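S.K.: The residues making up each chain are set out below.
2 protein chains.
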Amino acid sequence: MTDYTKILLDESEMPTRWYNIVADLPVPPPPPLHPGTLQPATADDFAALFPRALIEQEMSTERYIDIPGEVLDVYRLWRPSPLFRAHRLEKLLDTPAKIYYKYEGVSPAGSHKPNTAVPQVWYNAQEGIRKLTTETGAGQWGSSLAFACAQFGLECEIWQVAASYRSKPHRRTMMEIWGGKVHPSPSNLTEFGRSLLAQDPDHPGSLGIAISEAVSEAIQDPHTRYALGSVLNHVLLHQTIIGEEALLQLAKVGETPDVLVGCTGGGSNFGGLAFPFLREKLAGRMNPVIRCVEPTACPTLTRGQYRYDFGDTAGLTPLMKMHTLGHAFIPEPIHAGGLRYHGMAPLVSHVLDLGLVEAIAIPQVECFEGAIRFARSEGIVPAPEPTHAIAATIREAIACRERGEQKVILTALCGHGHLDLASYDKFLSGGMRDLELTDAMLAEGMRGVPEIG
Amino acid sequence: MTDYTKILLDESEMPTRWYNIVADLPVPPPPPLHPGTLQPATADDFAALFPRALIEQEMSTERYIDIPGEVLDVYRLWRPSPLFRAHRLEKLLDTPAKIYYKYEGVSPAGSHKPNTAVPQVWYNAQEGIRKLTTETGAGQWGSSLAFACAQFGLECEIWQVAASYRSKPHRRTMMEIWGGKVHPSPSNLTEFGRSLLAQDPDHPGSLGIAISEAVSEAIQDPHTRYALGSVLNHVLLHQTIIGEEALLQLAKVGETPDVLVGCTGGGSNFGGLAFPFLREKLAGRMNPVIRCVEPTACPTLTRGQYRYDFGDTAGLTPLMKMHTLGHAFIPEPIHAGGLRYHGMAPLVSHVLDLGLVEAIAIPQVECFEGAIRFARSEGIVPAPEPTHAIAATIREAIACRERGEQKVILTALCGHGHLDLASYDKFLSGGMRDLELTDAMLAEGMRGVPEIG
Chain A
563 MTDYTKILLD ESEMPTRWYN IVADLPVPPP PPLHPGTLQP ATADDFAALF PRALIEQEMS
623 TERYIDIPGE VLDVYRLWRP SPLFRAHRLE KLLDTPAKIY YKYEGVSPAG SHKPNTAVPQ
683 VWYNAQEGIR KLTTETGAGQ WGSSLAFACA QFGLECEIWQ VAASYRSKPH RRTMMEIWGG
743 KVHPSPSNLT EFGRSLLAQD PDHPGSLGIA ISEAVSEAIQ DPHTRYALGS VLNHVLLHQT
803 IIGEEALLQL AKVGETPDVL VGCTGGGSNF GGLAFPFLRE KLAGRMNPVI RCVEPTACPT
863 LTRGQYRYDF GDTAGLTPLM KMHTLGHAFI PEPIHAGGLR YHGMAPLVSH VLDLGLVEAI
923 AIPQVECFEG AIRFARSEGI VPAPEPTHAI AATIREAIAC RERGEQKVIL TALCGHGHLD
983 LASYDKFLSG GMRDLELTDA MLAEGMRGVP EIG
Chain B
563 MTDYTKILLD ESEMPTRWYN IVADLPVPPP PPLHPGTLQP ATADDFAALF PRALIEQEMS
623 TERYIDIPGE VLDVYRLWRP SPLFRAHRLE KLLDTPAKIY YKYEGVSPAG SHKPNTAVPQ
683 VWYNAQEGIR KLTTETGAGQ WGSSLAFACA QFGLECEIWQ VAASYRSKPH RRTMMEIWGG
743 KVHPSPSNLT EFGRSLLAQD PDHPGSLGIA ISEAVSEAIQ DPHTRYALGS VLNHVLLHQT
803 IIGEEALLQL AKVGETPDVL VGCTGGGSNF GGLAFPFLRE KLAGRMNPVI RCVEPTACPT
863 LTRGQYRYDF GDTAGLTPLM KMHTLGHAFI PEPIHAGGLR YHGMAPLVSH VLDLGLVEAI
923 AIPQVECFEG AIRFARSEGI VPAPEPTHAI AATIREAIAC RERGEQKVIL TALCGHGHLD
983 LASYDKFLSG GMRDLELTDA MLAEGMRGVP EIG
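Quick mapping for you: the protein sequence lines, in order, are chains A and B. Per the working numbering, residue 563 is the first one in the first sequence, and the count goes up by one each step. Per the working numbering, residue 563 is the first one in the second sequence, and the count goes up by one each step.
No lab work stands behind these hints: they were computed from the structure. Accuracy of the hints is not assured; some may be wrong.
Identical copies go unnamed one by one, so any copy, or any two together, can satisfy a pair.
[Unchecked claim] The calculated lysine-lysine pairs, modelled on DSS-like cross-linking and capped at a C-alpha distance of 30 Å, are:
id, residue 1, residue 2
1, Lys814, Lys653
2, Lys653, Lys693
3, Lys693, Lys843
4, Lys568, Lys969
5, Lys730, Lys988
6, Lys814, Lys568
7, Lys988, Lys693
Predicted, not measured: the structure shown is a model, and the values here were computed from it.
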């Protein structure tokens, strides 16, 4: 049985509840703070942005939350996702380690993002919301939300960073196929956007600006809300279906992981895979090393500070205690666009601070080298973000070879790279570089981060 | 059980042999002819192009051929592929019909093509061949062969139609990720290519020219062979794993199809799904209507002639009896590049001629309209080729609604459209047109088709 290539679950075996790690942490996570009063933010502070049900999940200490039936119905379009045993990669690396990867590229949008987009849209629909706004960079999150809105008949309006809107038209097309309305950001639809376009009609935009535009559109209409694709507790909660499925799948082949690695951008893919395994670890039922992998160009967990900061560049959000490079930090334009976030999910930051997980950073050239080895052995072309998890897996597998250890490694392949082939072309043609991140650049990023005792 | 969204097979349930329809046909198919002697082609006539094992399969009358273990091992990277019940599309169409679709987009290359690329490479490897050459248009076949060559350590050299090489760089990158070497065709690597470039340094190329270059490279080296991705008997044979799996999956939910529809370009996707069901029909175990769907811009089966013609534009191949628009026919540059072939698999042509299957043609705008409805309900963005099968399925489902018939419809979604988003952009922006195919254009295509009594 253990030489299976794909370990599948039937739909009837799909988990029917999400797992909330907050219930099991030895120390509760620090709360978000209202930026004016510096007091813990209340449900009302979020009410203009999110529906009540999601705010409740954001603040919940319940261990399990049932997945609504209509959400499960949409999940069934691609879930349970397969768990693969990487026989061919193991052979290529000549390692005694066993490598398993959980593959989320089977979703319609090609990544793990629909796991939270679908419930977010459903909860909004239940409260009579008719339209959702959001921001997107390369377009992974925007296309996932557009797909989810199409399932429940909501409008979806997306502000896409103008530079990406212009240079990567295919993700925009994908959003439009699912009925999404896409604007380049800055746009002339918001006051903030117009003010920026007045200064520079060719403004390239940024994720922070796009968030401001999406938020400002949402708060001015009682039937419109805003949706975020990572960082927040309720987003990580929805992603735990990844880890819950992986636990069931490994149990089918009688394995428990010795090492678990996942890439971290905002933290939702990592938390989604890792938190159910962390529950098992805290309960003493297994004892895996759990490792975050981030790019050296945006080393939030390995070189950032653990302190209160804003979630967005403009400083409009509540303050969150997290590992941060500072909301003014501008990472290099590396190819893993989804890992270019200055902060980190507060829950991931907290478990790192508690010593329950560890973190490393890997430069992108090593990541793409690993991705090519992976694609030629396992077939799947990975998105740039999970190439970090693959590179870390390869490091671990090679260490196992050198030490003669037959460890079980579990990682998350959170998306395919079909819309990222220009990045591969750059790598294959020798045009990809790793850039040194200096202390001065790090110091510059922390300007304006509030001093909170 | 029948309300499942995905009907899965475990790896242990994967079929272990391909089905050869030739064994069960009431009339044997007309043989290919040597173009010089007009006598039935012999194994020796193919020996410079293909390995012995594939030539044997091409001429075999055995009902079943075992799939080699190492081929099954690679198939396991994505097979068995899922069979979906299109609950959400049915609801959108308000039809009493039950719609099932077999999805081949889960393969590494994103289509059904690896089903034959993998065994073709394996059989070549067994006979000591070190390199395979092929042609590709948009790149679906070339990327599938590159993937398969990476699995067994063969070199892969691909001539890609120059116009596609320049305008669609992403498929080329995908071929290179898997280690393929890609040349624009015409190239200066072959005498034929050089002669064309001398006339026009910016020659856009054609599939016929690319075939000639790939063939001429293969025949001059004893360790190199050529590989073809559709049309031939052994290619359709390998694709029958699609239909064999679908039969098992439908049996799991207690269904037999009343209507089966598949898109036809060279015929391998259609044959792969349909032939196992045709076996069941010939044996009296079920009685589905089996329908080919082709584009109105390249209506081989509905407006072509059933006669002997060359497989390539230059007239180098053996003569095959098939439905053909003439090897001089130049179809409009429609978006379903994989369906722009002047001929049709001889086996598909033969079963149409025997009245065992039927054929219709659908214009591309209707196909993309159907694809948008499909993507918004089922999530998956289809490749342009299977949008024809989807449009035909929607026609059938609407007819069921109008007549109040609860038919079971089975179709093949033979690939995803992640690398075809420019076509969707053209459709969504209103720039896609259907062009009338005139009798004069059809007559022009038949020029030079030999008169054989």
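S.K.: Next step is simple, just say for each hint if it's right about the structure.
M.R.: Hint by hint, here is what the structure shows:
no.: 1; hint: Lys814 - Lys653; result: within (23 Å within a copy, 35 Å between copies)
no.: 2; hint: Lys653 - Lys693; result: between (49 Å within a copy, 22 Å between copies)
no.: 3; hint: Lys693 - Lys843; result: neither (40 Å within a copy, 50 Å between copies)
no.: 4; hint: Lys568 - Lys969; result: within (19 Å within a copy, 33 Å between copies)
no.: 5; hint: Lys730 - Lys988; result: both (15 Å within a copy, 15 Å between copies)
no.: 6; hint: Lys814 - Lys568; result: both (11 Å within a copy, 20 Å between copies)
no.: 7; hint: Lys988 - Lys693; result: between (38 Å within a copy, 26 Å between copies)
The structure fails hint 3 only (numbered hints given earlier).
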